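Engineer: Here is how the chains run, residue by residue.
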Amino acid sequence: MDVLGNIWVGFQTAFQPMNLLFCFLGVLMGTLVGVLPGLGPVAAMSLLLPTTFHVSPVSAIILLAGIYYGAMYGGSTTSILVNIPGEVASVVTCLDGYQMARQGRAGPALGISALGSFMAGTLSTVGLMFLAPPLAEVALKFGPPEYFSLMTVGLTILSFLASGPMWKALVMAAFGLFLGCVGIDTVTATFRFSFNIIELSDGIGLVPVAMGLFGISEVMLNVEKSMEQSIFETKIKALLPTLKDWADSLWPIARGTVLGFFLGILPGGGAFIASFTSYALEKKLSRHPEKFGTGMIAGVAGPESANNAATGGAFIPLLSLGIPANAVMALLLGAFILHGITPGPMLIQQHPKIFWGPVASMYLGNVMLLVLNLPLIGLWVKILKVPYPILFPLILLFCLIGAYSLNNSVIDVMIMAVFGLIGYFLKKFQYEAAPLVLAFVLGPMMENSLRQSLFMSEGSLLIFFQRPISTALMGTAIVLLVFPLVPWFKKKRFIIPA
Amino acid sequence: MNNDQVSSGLWFFIGGAICMGSLQYKLGTLASPASGLMPFFAGLAICIFAGSGFIHATTKRRQGEKWGRIFAGLKWPNAFIILASLFAYALLLVPLGFLLCTALFIGFLLRAIIPQRWPVIIGGAFLTAVCSYLIFEVWLKAQLPKGLFGF
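Protein chains in written order, with this note's numbering: chain A, 3 to 500; chain B, 155 to 305.
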């Protein structure tokens with residue numbers, strides 16, 4: 003009854019006209035950034051974060067969450083029609099989705115992608131509703147050592163699953179931790195690495211860092227290349243899949259939903275890992291694995307369901323533990339903090355509307371996405387035809403305004419440009435920015451937890467191995483760090499392609 | 155040297171510099187950590203991971219992996235034109251004001267990267283500046299700088 007009562011409160015909040023509008027805007031913008039290659043949900047959320055200052059925290063979270071799961075819907079459109087993934091979680095959709103389009107089956111591919119996404123998104127919201135509150139209860143038992151160990155294992159998992167060598171991801175995570183230390187130390191009131199720049203005394207802002215690393219650097223890389231893109235000209239008809247398509251897709255959707263949801267919860271996991279794993283699983287379970295990559299509908303249904311289910315799962319550690327599972331959730335954490343709210347075990351009790359409102363809005367958002375996406379596919383294709391030389395100055399301008407309006411400071415604009423340059427070279431040398439951003443956000447929390455743990459143990463690092471939950475988490479982190487050194491495992495390690 | 159040797163070497167020095175820089179804030183003891191401890195640990199971690207990366211990259215170099223040219227076949231000056239224009243925008247935004255600075259920025263990019271026709275440049279610059287002003291300043295109440303000319 004308590005849960006039902008809370009759900010009722012959530013829907014009352016979500017159905018308020020302003021929140022409905024923000025939900026609609028969020029999913030619409032999310033789909034748009036998902037459709038546009040090179041502009042992912044992280045860049046879009048960092049762009050819009052400053053503009054949410056003027057709205058209520060519930061509306062802001064509803065808007066930003068809508069961008070995240072909306073982008074997952076939109077990403078499949080470009081993968082299927084253009085063979086260019088709109089965002090990284092839709093990379094595998096290209097393999098079979100584009101082949102289906104070439105065979106004149108773009109409609110069923112887009113249809114099953116939207117319907118599978120809807121089912122997975124809705125089911126993962128149900129999971130979020132029932133799993134987050136009990137997890138928050140458990141989290142009340144967490145002390146500083148458990149929090150420190152959990153954040154350590156999150157960063158290690160993200161580095162473990164990163165594309166390319168693990169040492170690169172670990173360097174990024176360590177650099178992110180350092181960046182999180184810049185600014186005033188709240189315990190000793192010492193200014194660290196701020197070089198007498200007043201704007202740095204509160205630390206480096208998350209928004210300029212994220213916009214630089216994900217937005218500016220992407221534009222810099224894109225303008226180096228030939229900016230012509232060809233759209234596969236095909237008539238999109240019969241969006242609703244046939245009975246045979248449904249029979250081939252139902253189990254992949256179910257498996258993708260469960261897999262994606264749990265991989266989304268995992269600290270360091272996320273939508274792109276979920277979609278890759280789902281594709282691998284479907285290929286393994288198929289009677290015709292050799293046909294994958296030639297237009298198998300299961301290769302579209304599974305991964306697209308998995309990446310949508312992962313978005314729901316990813317909210318769980320943030321809302322119940324206060325720990326972001328990936329870079330997108332790190333930005334959402336930034337949004338919570340900017341609005342003076344600390345997500346974590348007490349969020350559900352102290353701010354029920356801020357928890358249940360956005361959760362209920364996800365149901366509405368998923369319905370909106372289904373209703374919007376299928377009829378609007380023609381529009382998204384037209385947007386794809388906007389030439390990049392016209393589009394990129396606008397992306398840059400939004401980044402500039404977003405960075406400036408954060409504190410009305412040109413220093414933030416310069417920080418964004420500097421991180422754009424850093425992101426550009428990181429990509430040139432094949433370093434991933436996601437561990438950096440996650441560690442940057444977790445850095446101050448990790449430092450606090452480490453300090454408190456060491457105070458509690460009077461300087462003994464063994465405290466992390468004397469409490470059961472902390473020991474299990476630290477053990478996992480150590481195993482993940484050591485495994486890549488084992489020669490047999492080096493060959494077997496599951497690596498996400500860049 | 156291959157790419158990973160160069161990049162890991164650079165990260166090793168960055169990590170070392172962070173460790174050195176952290177010492178000025180004092181490390182304290184484990185029982186009573188001071189402000190420098192966490193950045194010192196972060197710098198140390200960078201050195202360790204970059205060091206292991208350097209060894210890994212050196213092994214690959216011995217197996218024949220060479221330096222891969224990161225700018226080969228690319229119009230890389232475009233990337234740096236964009237970077238320069240971002241810094242220029244940051245420097246000119248307050249003195250020139252949002253409208254003028256934005257119009258110049260958009261006009262410059264439309265001309266410099268892949269040159270568009272003049273009507274597109276002028277129209278695009280003007281429309282973008284005015285529309286973004288209406289959205290951000292008038293609608294969203296962002297406080298954008300007015301500049302010397304008052305707009």
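These are computed hints drawn from the structure, not numbers from a lab. Note that the coordinates shown come from a computational prediction; the quantities given were computed from them, not determined experimentally. Careful: at least some of the hints might be erroneous.
[Said to hold, decoys possible] Listed next, the in silico PhoX-like pairs over lysine-lysine satisfying Cα-Cα at most 25 Å (straight line):
hint	chain 1	residue 1	chain 2	residue 2
1	A	387	A	355
2	A	430	B	220
3	A	227	B	220
4	A	429	B	180
5	A	430	B	214
6	A	429	B	214
7	A	286	A	429
8	A	227	A	355
9	A	286	A	143
10	A	227	B	214
11	B	229	A	387
12	A	293	A	246
13	A	430	B	300
14	A	246	A	286
15	A	429	B	220
16	A	227	A	429
17	A	285	A	143
Engineer: Next, verify each hint and record whether it holds.
Structural biologist: Here is how each hint holds up against the structure:
1. A C-alpha spacing of about 41 Å is found between residue 387 (chain A) and residue 355 (chain A), which places the hinted pair above 25 Å, so the restraint is violated.
2. Distance restraint check for residue 430 (chain A) and residue 220 (chain B): the Cα-Cα separation of roughly 15 Å lies within the 25 Å cut-off, and the hinted pair is therefore satisfied.
3. For the suggested pair residue 227 (chain A) and residue 220 (chain B), the alpha carbons sit about 23 Å apart, so the restraint of at most 25 Å is met.
4. Only pairs whose Cα atoms come within 25 Å are accepted, and residue 429 (chain A) paired with residue 180 (chain B) is rejected, the gap being roughly 34 Å.
5. Between residue 430 (chain A) and residue 214 (chain B) the alpha-carbon distance is near 18 Å, which keeps this suggested pair within the 25 Å criterion.
6. Restraint check for residue 429 (chain A) and residue 214 (chain B): the C-alpha separation of about 20 Å stays at or below 25 Å, so the hint holds.
7. The straight-line distance between the Cα atoms of residue 286 (chain A) and residue 429 (chain A) is roughly 32 Å, outside the 25 Å bound, and the hint therefore fails.
8. Note on residue 227 (chain A) and residue 355 (chain A): the hinted pairing is violated, with a Cα-Cα distance of about 47 Å set against a maximum of 25 Å.
9. As the CA atoms of residue 286 (chain A) and residue 143 (chain A) are separated by approximately 40 Å, the hinted pair breaks the 25 Å bound.
10. Of the pairs offered as hints, the one joining residue 227 (chain A) and residue 214 (chain B) is violated, with about 29 Å between alpha carbons and a cut-off of 25 Å exceeded.
11. At roughly 22 Å between alpha-carbon atoms, residue 229 (chain B) and residue 387 (chain A) fall within 25 Å of each other, so this suggested pair holds.
12. Restraint check: the Cα-Cα separation between residue 293 (chain A) and residue 246 (chain A) comes to about 17 Å, which is no more than 25 Å; the hinted pair holds.
13. For the suggested pair residue 430 (chain A) and residue 300 (chain B), the alpha carbons sit about 38 Å apart, so the restraint of at most 25 Å is broken.
14. Taking the CA atoms of residue 246 (chain A) and residue 286 (chain A), the gap is about 21 Å. The hint holds against a cut of 25 Å.
15. The hinted pair formed by residue 429 (chain A) and residue 220 (chain B) meets the criterion: a straight-line CA distance of about 18 Å does not exceed 25 Å.
16. Taking the CA atoms of residue 227 (chain A) and residue 429 (chain A), the gap is near 14 Å; set against the 25 Å cutoff, the hint holds.
17. As the CA atoms of residue 285 (chain A) and residue 143 (chain A) are separated by approximately 41 Å, the hinted pair breaks the 25 Å bound.
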